[in-house]
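Number of protein chains: 2
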Amino acid sequence: MGELAASQKEHLEKTLRELAEGARARLPEIAKGNRDGALLAMARLLEEAWPEVLKANQEDLKEAEEAGLSRAKLDRLALKDKDLRSLTEGLRQIAALPDPLGRIEGLSKRPNGLRVGRMRIPLGLIGFIYEARPGATVEAVSVALKAGNAMLLRGGKEAFRSNQALVSLWHRALREAGLPVEAVSLVPTTEREAILAMCRLELLDLLIPRGGEELIRLVQREARVPVLAHAKGVNHLYVDERADLDMALRLAINGKTQRPAVCNALEAVLVHERVAEVFLPMLEKAMRERGVELRACPKALPLLKEAVPAQEEEWDREYLDLILRVKVVSGLEEALEHIARYGSRHTEAICTEDPKAAWRFLEEVDASLVLWNASTRFNDGFQLGLGAEIGISTSKLHAYGPMGPMELTTTKWVALGEGQERE
Amino acid sequence: MGELAASQKEHLEKTLRELAEGARARLPEIAKGNRDGALLAMARLLEEAWPEVLKANQEDLKEAEEAGLSRAKLDRLALKDKDLRSLTEGLRQIAALPDPLGRIEGLSKRPNGLRVGRMRIPLGLIGFIYEARPGATVEAVSVALKAGNAMLLRGGKEAFRSNQALVSLWHRALREAGLPVEAVSLVPTTEREAILAMCRLELLDLLIPRGGEELIRLVQREARVPVLAHAKGVNHLYVDERADLDMALRLAINGKTQRPAVCNALEAVLVHERVAEVFLPMLEKAMRERGVELRACPKALPLLKEAVPAQEEEWDREYLDLILRVKVVSGLEEALEHIARYGSRHTEAICTEDPKAAWRFLEEVDASLVLWNASTRFNDGFQLGLGAEIGISTSKLHAYGPMGPMELTTTKWVALGEGQERE
Numbered sequence: 001m002g003e004l005a006a007s008q009k010e011h012l013e014k015t016l017r018e019l020a021e022g023a024r025a026r027l028p029e030i031a032k033g034n035r036d037g038a039l040l041a042m043a044r045l046l047e048e049a050w051p052e053v054l055k056a057n058q059e060d061l062k063e064a065e066e067a068g069l070s071r072a073k074l075d076r077l078a079l080k081d082k083d084l085r086s087l088t089e090g091l092r093q094i095a096a097l098p099d100p101l102g103r104i105e106g107l108s109k110r111p112n113g114l115r116v117g118r119m120r121i122p123l124g125l126i127g128f129i130y131e132a133r134p135g136a137t138v139e140a141v142s143v144a145l146k147a148g149n150a151m152l153l154r155g156g157k158e159a160f161r162s163n164q165a166l167v168s169l170w171h172r173a174l175r176e177a178g179l180p181v182e183a184v185s186l187v188p189t190t191e192r193e194a195i196l197a198m199c200r201l202e203l204l205d206l207l208i209p210r211g212g213e214e215l216i217r218l219v220q221r222e223a224r225v226p227v228l229a230h231a232k233g234v235n236h237l238y239v240d241e242r243a244d245l246d247m248a249l250r251l252a253i254n255g256k257t258q259r260p261a262v263c264n265a266l267e268a269v270l271v272h273e274r275v276a277e278v279f280l281p282m283l284e285k286a287m288r289e290r291g292v293e294l295r296a297c298p299k300a301l302p303l304l305k306e307a308v309p310a311q312e313e314e315w316d317r318e319y320l321d322l323i324l325r326v327k328v329v330s331g332l333e334e335a336l337e338h339i340a341r342y343g344s345r346h347t348e349a350i351c352t353e354d355p356k357a358a359w360r361f362l363e364e365v366d367a368s369l370v371l372w373n374a375s376t377r378f379n380d381g382f383q384l385g386l387g388a389e390i391g392i393s394t395s396k397l398h399a400y401g402p403m404g405p406m407e408l409t410t411t412k413w414v415a416l417g418e419g420q421e422r423e
Numbered sequence: 001m002g003e004l005a006a007s008q009k010e011h012l013e014k015t016l017r018e019l020a021e022g023a024r025a026r027l028p029e030i031a032k033g034n035r036d037g038a039l040l041a042m043a044r045l046l047e048e049a050w051p052e053v054l055k056a057n058q059e060d061l062k063e064a065e066e067a068g069l070s071r072a073k074l075d076r077l078a079l080k081d082k083d084l085r086s087l088t089e090g091l092r093q094i095a096a097l098p099d100p101l102g103r104i105e106g107l108s109k110r111p112n113g114l115r116v117g118r119m120r121i122p123l124g125l126i127g128f129i130y131e132a133r134p135g136a137t138v139e140a141v142s143v144a145l146k147a148g149n150a151m152l153l154r155g156g157k158e159a160f161r162s163n164q165a166l167v168s169l170w171h172r173a174l175r176e177a178g179l180p181v182e183a184v185s186l187v188p189t190t191e192r193e194a195i196l197a198m199c200r201l202e203l204l205d206l207l208i209p210r211g212g213e214e215l216i217r218l219v220q221r222e223a224r225v226p227v228l229a230h231a232k233g234v235n236h237l238y239v240d241e242r243a244d245l246d247m248a249l250r251l252a253i254n255g256k257t258q259r260p261a262v263c264n265a266l267e268a269v270l271v272h273e274r275v276a277e278v279f280l281p282m283l284e285k286a287m288r289e290r291g292v293e294l295r296a297c298p299k300a301l302p303l304l305k306e307a308v309p310a311q312e313e314e315w316d317r318e319y320l321d322l323i324l325r326v327k328v329v330s331g332l333e334e335a336l337e338h339i340a341r342y343g344s345r346h347t348e349a350i351c352t353e354d355p356k357a358a359w360r361f362l363e364e365v366d367a368s369l370v371l372w373n374a375s376t377r378f379n380d381g382f383q384l385g386l387g388a389e390i391g392i393s394t395s396k397l398h399a400y401g402p403m404g405p406m407e408l409t410t411t412k413w414v415a416l417g418e419g420q421e422r423e
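For the protein sequence lines, the chains are A and B, in the order given.
FYI, UniProt numbering numbers position 258 of the first sequence as 258, with every residue one higher than the one before it.
FYI, UniProt numbering numbers position 146 of the second sequence as 146, with every residue one higher than the one before it.
Looking at chain A on its own, in the form it has when it is part of the complex (with noise of 0.2 angstroms):
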């Protein structure tokens, strides 16, 4: 960073502002118009330009691979067609969800005859900061736009060109649909030094980040505007002593291989001793059969044949990998401690036939989304029945989990008088 000259700087800031204060000037043009219309015609779009976007993507490809890009991110960067399908569905799913926006919320009468309530409203202006992935150009847009919002998008550099194809298409579908396409906007630099520009532009009402720890945390630090983010998620399953053990098993097993590289992915079980002997014998066949290692904690590595023991500062790491923590507590109070302490306020799932002890976790533990007798898996706009997501929120303020439309607005008061005066 500091790598731009300063006229170069402030040059960026400018170009910024003037998106932005575009943006801003359209939001009412923006949040009356036919956004499903919009969002339909980029899923035809999407159809009809495939291969211009592919041509793009190959020429971010090629230079990645020529930069030296690891096989991993050039797996990320990559548009295949089976994106072509899961995008244009998504679309047309988003645009057959109720719009979130117009209703009067809880209009009362007060004493004085006035009439109160609150409208449901777009936050506004989102900027949204993203890695490598170009779908989410398509998605995040998606579920802005669905709620009234203009979007000012930052993408990773290798993902420029790809970016840029999809906006110019983004551009062509708010034409058809009669919106402003001011709507829609990317940072037309790759420097990254646009990442600090928009932390400082007051005129977002909102920034995204979405991406790597590092990227969170740069933006949590230098944001001068609301930020909503999510935390790693370091998430726990609490095998009690009157769970299932089958059924424990099984979410053990759902949490941590099916798909062991996403946030709401099972990082450590927590086992009753009372369960313990029995259980992890258990979980050991399973998880060796499935090629994950087990890190336990002193009172379980002598009931475990292979595993290596947890070191203490690794009880709030995200493996995001084939790794799972164990650790034997001596009941639900321990647990407790320990998902208060080591957690991430992400996901986290009891294991119980005991009601009582169900309740008491799913009322104390102080995480996105906490689970009775379910996976972990389940923390997702999708699962939850939001119809789409831009990413879980681990901060409370104003969204606590995954974001969908309805989570992309907000309320103002309106007041409905005949003359009245505040006495």
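Hints are computed from structural coordinates only; laboratory data are not their basis.
The reader is advised that the hints may include incorrect statements.
In this list, chains with the same sequence are indistinguishable; a pair is considered to hold if it fits within one copy or across any two.
[As the list claims (entries may be wrong)] Straight line, CA to CA, 30 angstroms or less: simulated DSS-like cross-link-like pairs of lysine-lysine:
| # | residue 1 | residue 2 |
| --- | --- | --- |
| 1 | Lys73 | Lys62 |
| 2 | Lys14 | Lys232 |
| 3 | Lys232 | Lys157 |
| 4 | Lys232 | Lys299 |
| 5 | Lys232 | Lys109 |
| 6 | Lys157 | Lys55 |
| 7 | Lys356 | Lys82 |
| 8 | Lys82 | Lys305 |
| 9 | Lys157 | Lys109 |
| 10 | Lys55 | Lys356 |
| 11 | Lys305 | Lys285 |
| 12 | Lys32 | Lys109 |
| 13 | Lys62 | Lys157 |
| 14 | Lys80 | Lys157 |
Start from chain A and add chain B according to the hints.
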């Protein structure tokens, strides 16, 4: 600032961290405990121990007087017997409000049988930074505690002894109700450095600054945690061509003069050019009788006898005084543009008998409260039916408008399963 030595700064940070950790550890008990009991005990203790509080307040006043504090500031610092009545009434009213916590909203069954919903929970630990008025030590805590939150207070330097006395009463009230005293803490130093330390205290779920523009801006610039703050209230009344001009006059008088020094007072009137010739002389006469100075745009000036020209740079100013800006506009369109440019998203009103103009105004104006035929003075938690408030947010995230107990809660997702795994 920067007056503290590094070792003192470290000590301050450590103290804050310990207070915050102490509070966080007791959050489940606070949420489950007899919060209304603590509010009622506080009301009774205030009545019993009022002389103690006044004694501490006298000491604060004496020191402040010696330090040469302005008359207005001394007045805000001084506790009077009418404060006792309003504080105890407020506590009893808030205790009587329904409990915002514990409900599970929208519990519904997903296709796989998983039952999901949102459980209403406290935000957690709230930092509150405020200036001289010691009554806020009672009011703000009562709103936060009603919603199950713990609070870390940093009051004004001048009110330190008063705040200490009030917090020690809170501790007695909490103990009487069986709640942990960690629910309410006062930062035990008057150093300004404590503000910065709170801005960086990542154990806070929310930081609320309440005071002058300078304090708010400092906190917004420095905070590493979510902030809910209110900007100034640059509030307009648009008098439409189809306004009932007598009503418009009453609303202008009420907005400007009923309590000029508060954030929901009126600062500017926009008048449709077709009614300006009739309305402006009415307005001038009424305002002159009430000692209000008019500052006018070039089109309004010839229609007014004593108004002075409004300077370009004052159109976004909050006078908090008996001064009113007047501007003639060509119609609704220009009024909307003017408000979008100079308004502060606080409170905006239209006076008209034309529902079409009214609804366009209600829908398009971006402000925490938009009124039709009613005074801007209604932007207030009690007036809108929240029962209490801790301030008025002009940021759109989480709470846009007055913040009552419900606005100091959030929801987490809960999922009740029977062993569901993700496919």
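Hint-by-hint comparison with the structure:
1. Lys73 to Lys62: Within. Shortest intra-copy distance 13 angstroms satisfies the 30 angstroms Cα cut-off; inter-copy 67 angstroms does not.
2. Lys14 to Lys232: Only across copies: Lys14 and Lys232 sit 26 angstroms apart there, 34 angstroms inside one copy, limit 30 angstroms.
3. Lys232 to Lys157: within (23 angstroms within a copy, 39 angstroms between copies)
4. Lys232 to Lys299: within (27 angstroms within a copy, 58 angstroms between copies)
5. Lys232 to Lys109: between (45 angstroms within a copy, 28 angstroms between copies)
6. Lys157 to Lys55: within (17 angstroms within a copy, 64 angstroms between copies)
7. Lys356 to Lys82: Neither: 45 angstroms inside a chain and 48 angstroms across chains, both beyond 30 angstroms.
8. Lys82 to Lys305: neither (42 angstroms within a copy, 73 angstroms between copies)
9. Lys157 to Lys109: Answer is neither: 53 angstroms inside a copy and 42 angstroms across each miss the 30 angstroms cutoff.
10. Lys55 to Lys356: Result: close neither inside a copy nor across copies, 58 angstroms intra and 49 angstroms inter.
11. Lys305 to Lys285: within (10 angstroms within a copy, 92 angstroms between copies)
12. Lys32 to Lys109: within (27 angstroms within a copy, 33 angstroms between copies)
13. Lys62 to Lys157: Within one copy only: 13 angstroms inside a chain, 62 angstroms across chains, cut-off 30 angstroms.
14. Lys80 to Lys157: For Lys80 and Lys157, only the intra-copy Cα distance (19 angstroms) is at most 30 angstroms; the inter-copy one is 62 angstroms.
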